[in-house]
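> One line per chain: the protein sequences are H and U, in this order. First residue of the first sequence? That's 337 in the working numbering, and the numbers climb one at a time after it. First residue of the second sequence? That's 274 in the working numbering, and the numbers climb one at a time after it.
Treat the hints as calculated values from the structure; they're not laboratory data. Owing to the predicted nature of the structure, the values given are computational and were not obtained by experimental measurement. Watch out, some of these pointers could steer you wrong.
To be verified - The following label-pair restraints were derived from C-beta to C-beta distances:
#1 H:Gly-390 / U:Ala-376: 49 to 55 Å
#2 U:Ile-523 / H:Ala-353: 52 to 58 Å
#3 H:Ala-428 / U:Ala-376: 56 to 62 Å
#4 U:Val-559 / H:Glu-487: 54 to 60 Å
#5 U:Trp-657 / H:Gly-357: 36 to 42 Å
#6 U:Leu-380 / H:Ala-375: 36 to 42 Å
#7 U:Val-559 / H:Ala-375: 57 to 63 Å
#8 H:Val-463 / U:Leu-583: 54 to 60 Å
#9 U:Ala-634 / H:Glu-515: 54 to 60 Å
#10 H:Val-363 / U:Phe-314: 43 to 49 Å
Just so it is clear, CB atoms sit at the ideal spot from N, CA and C, and this is done for glycine as well.
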Amino acid sequence: MPQQVPRLIAVFVVALAALIGARMALVPDTFGDLGHYRAAAVDSITAHPKKYAGHAECSLCHGPIAEQRLTSNHRTVTCEVCHGPAAQHTTAPMDIKPTAPRERGLCPLCHSYNPSRPTGFPQIDEVAHNPLTPCITCHDPHAPEPPEVPEECSACHGQIARQKAVSHHTNLQCTVCHEAREEHKVNPRANRPSKPVQRSFCGVCHAQDDLSGERIPQIDLRSHGEPYMCWQCHYPHRPESG
Amino acid sequence: MQGFIYPNEFELHWGLLVVLYPYITGLVAGAFILASLERVFNVKEVQPTYRLALLTALAFLLVAPLPLLAHLGHPERSYEIFLTPNRQSAMAMFGFVYAWYLAVVLLLEIWFDYRQDMVLWARQSTGLKKWVYYALALGSTDLSEKALKFDDSAGRWITVIGIPSAFLLHGYVGFIFGSIKANPWWSSVLMPVVFLFSAMVSGIALVLVLYMITTMFRWRRIDMACLDKLAQFLFYAMVVDFSLEMLDFIHRLYESEESIEILGQMIESRLFISLIVLQIFMGSVVPLVALGLVSPGLRKGGFVRVPPELKQFVYFTAAVLVQIGIFSIRWNVVIGGQLFSKSLRGLTVYKVELLGLEGLAMTIGLLALPFVILWVLVKLLPPWQSDEEVAPA
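Okay, chain U solo, but in the shape it has when bound (with noise of 0.2 Å):
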């Protein structure tokens, strides 16, 4: 701790956790994201990474509240928030948010997407698998012709409103901080918007690494086409995101709050790892310019012709230094926004525990819960295609 700083500053009271959360939720609006622009706008290429994003965005929604219970600290009073809710109070909201979202958006998206294979599993398999999948369909079996195109159909509208619904869901996550207008580093009208850039970005790059890492466990054959279309629109997500980080850095700059001093000097100091080695250099200008010039964002074909190998490795280290980027920009937004007295006047420390409900243990256990739901949800819903072809052993 330097300078001054009023008594109720001195101990952070969002840890980790609450950095971990408009980390997850940006990841599942991100990963939808992704896979609603294959569906509403065609793109065919990205095909096969569509109903692993659909997957992808479920587990992370699964385990997306779980941060703000372990913080909160009672668990078992959550469900009070749908039976009392508080119109005044837009963190109270976020059952209604939450809830829309995973079961009118997320499930009946899947649901009706994976419907007709569920119908063939349940024919297929014997036993408890059959009645699984026959549950799981709700026992509508019906696959004429007509029945399918209902379920394309109805697939199209719902992602048609799922968008803006995830746009709401992240956009919320980042409205929550934007409108504490008593801290100068959180109270700002882009931060919802910059959350639901940055979400994309996040989602996108994991799926990507997903995609890949997968692929590679099946010994299947990558497909580069669709690699680089994900390239592509990480690339252009991240140019706007960028953007739209810098003209809020630019606009604060040219504002000049009296906040603007001690902002300065906690980025200098508190936050120079995360914020400027971390956020800006490694996950953001060194994916920009890798992708820049690999990726067939702004040229086809890329800038500078590379074997696929290497464009692979390229392409994963690029997103995975994203994904770091990411959770710093969480970091700087949650942790940085606490570390400056409101007397603007000076810093404190945030050290984090290692064990306890809000610790590092804890993070990297909800870290890990997501991708264990993934697995389960790949093994029970496989979302590959059977007619892919096998890559030379």
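With the rest of the complex left out, here is chain H (with noise of 0.2 Å):
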């Protein structure tokens, strides 16, 4: 055998022993028997002190403020979120006390304007929002509400109300194709507006036999689309892009 297999081989003996003895020494004993992870890790995790107490353990001490917020602008969001776990304060409420995040910091993580956030999300522009008072001064946390109603659908809406501005709908209103009531504007989701549901809804305008003037370009309600709803392929907004 040529001098160069037996050192080779040896190398690779070596490489290949300390792969299976680091495999020995370090992959934890119970690492596979539930899955691609080591099982005791759930143990593990349990066995960590309660650090939330949820939102339920607070109504029993605070009950009026439990209660007002269950009704208000931030039902989804939960007393912790805001003041901290506070485990510990259930059990000894005098001695141990969560924080309160009085200052402008907290609420613009949620608040501040960002493009990818859903349509109608309460938004702000936090630079330009009533510079330098606490948010707290004007809103009440626990049941938040613009302290004016506004007046423009956009202000709730701008995303939507740009796309409509430079498109073909520019001059529709958007109550033409949206029954809104004033409450939907102090308590959104409540009081949902109408959204059109038929075809024939556009077809008031696009039909071909229709009455309106000639200038809106017309197509077959019978046909076009078939048996589809107008938005799904186009976007009502900004209906020439679909």
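Fit the two chains together into the complex; they arrive one by one in their own frames, and the hints show the way.
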């Protein structure tokens, strides 16, 4: 056998032995029992001390605030999101008190403008919106509402309004297609405006035999795009883009 | 950002470092494949670059995982990929692809090729250096004809295994992207193949540039036959690569899936510079035309006969343009795949940060590192033939 072979084999054997040794020494015992992870991790996690109490606990002693929150715009934001983990506070309320975020820093985490937030989510420009004053001077953190109800739909639906403004539908008011009661502007999710549900709705202006002006491009309602809804192909707020 | 995007698409998760990673592995695979061509098909002309190509591949291979480690952010945990292999995940198997290629292919091939020299160097030098070479040769000092013959045939066998391994290494990177079926920009069976040929292009171009630079700095004459051959290979690889890319492109256009519109918008706006200008025009068309005219790729001696100095300049410029083009390909694949929304209704933007673990400075550092390693390797294991003629001063 050439001299090289045993030496190379030795190197590979050492490397392989190191790998096997490292596996025996470093891979935890319960690894792979349940899946591609250390099964005992589940136990060690459950053994961690509890840090969060959950909002149901808070209502035992802070009844009024809890009730207020449940019907407010912040009903989906639980207490400890703002006050921090408070499990210890529930067992020794007088000795350990949670912090209350009275500065401007917290609220913008959720409310500063970010284009990827869902349409209609209340967003502000942190720099321009009443600067230097803490948010809670004007908004109640447990039942927030804008002190004045905005007039324009674009205050909350800026994205849609901007799209529509440069589209062929620019001259159509939002209310042509959506019936929105005034309460929608105060409590939007509880009072949803209507949305068109039938193809014939668009046909009022676009069908060949309608009575609207000839300036509007027209289609044969019976055959065009059947059987789909118009807005499955045309984005209604910018119809030419679909 | 424009149009509609989902909340988790606003920020790109794979940044500049993930662009760097396929770029570097491509250089590794390409340089190695070039070396293998020489060895397996016995192309005598490119002999002077054989060892340089191997060392280049090694230097870049050592750096290849670093961008990923910096991107993932916990380098101290990286060894776990070997200890608890997850066979369900292509990404998790990377460690093994890498280890196989490094240890079984590249190091072994270099070792067999250099063993004779290392033994000779160990005999010639004194002190610490002697022991370094002795250790590197694993103390295997047998220089009998039989032993040298064994080196040679073992090296050849490893090269034969090495070619599919290099294909695996870079094909794997293309596979990672090509198999993401939710992303219309990536999901394509052609992806591994395109990656592979672009790897060959970039590897050959890199070796060409390195060969010219190192020869110049050693005040030797550039071997024109070698350079011509390299340029010829580069030209052929580019023709195949470019055709594959265009095939992919036409295929997408003809297929016209619902994503075509947003992808078209993306190419026209976000990727215009990097795809149309850098990748296609500067990185492919210009070098292809230049090499087609000057190199012996299409006609012996080239269509246009130019003095060797000008020819060298054309080759050098073409090779540098190719590097820029290939880097743009990686950019367009990695960044492009994340710029459009899965709603197919909007585009986001990517801003490169300067400092930080995933910033520009880190990228430049990681790009420079292989050259430092290569410098050390070249000092330790000089890849030049000793009988090369000395250029007139």
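> Against the structure shown, which of the earlier numbered hints fail to hold, in ascending order?
No hint contradicted; all consistent.
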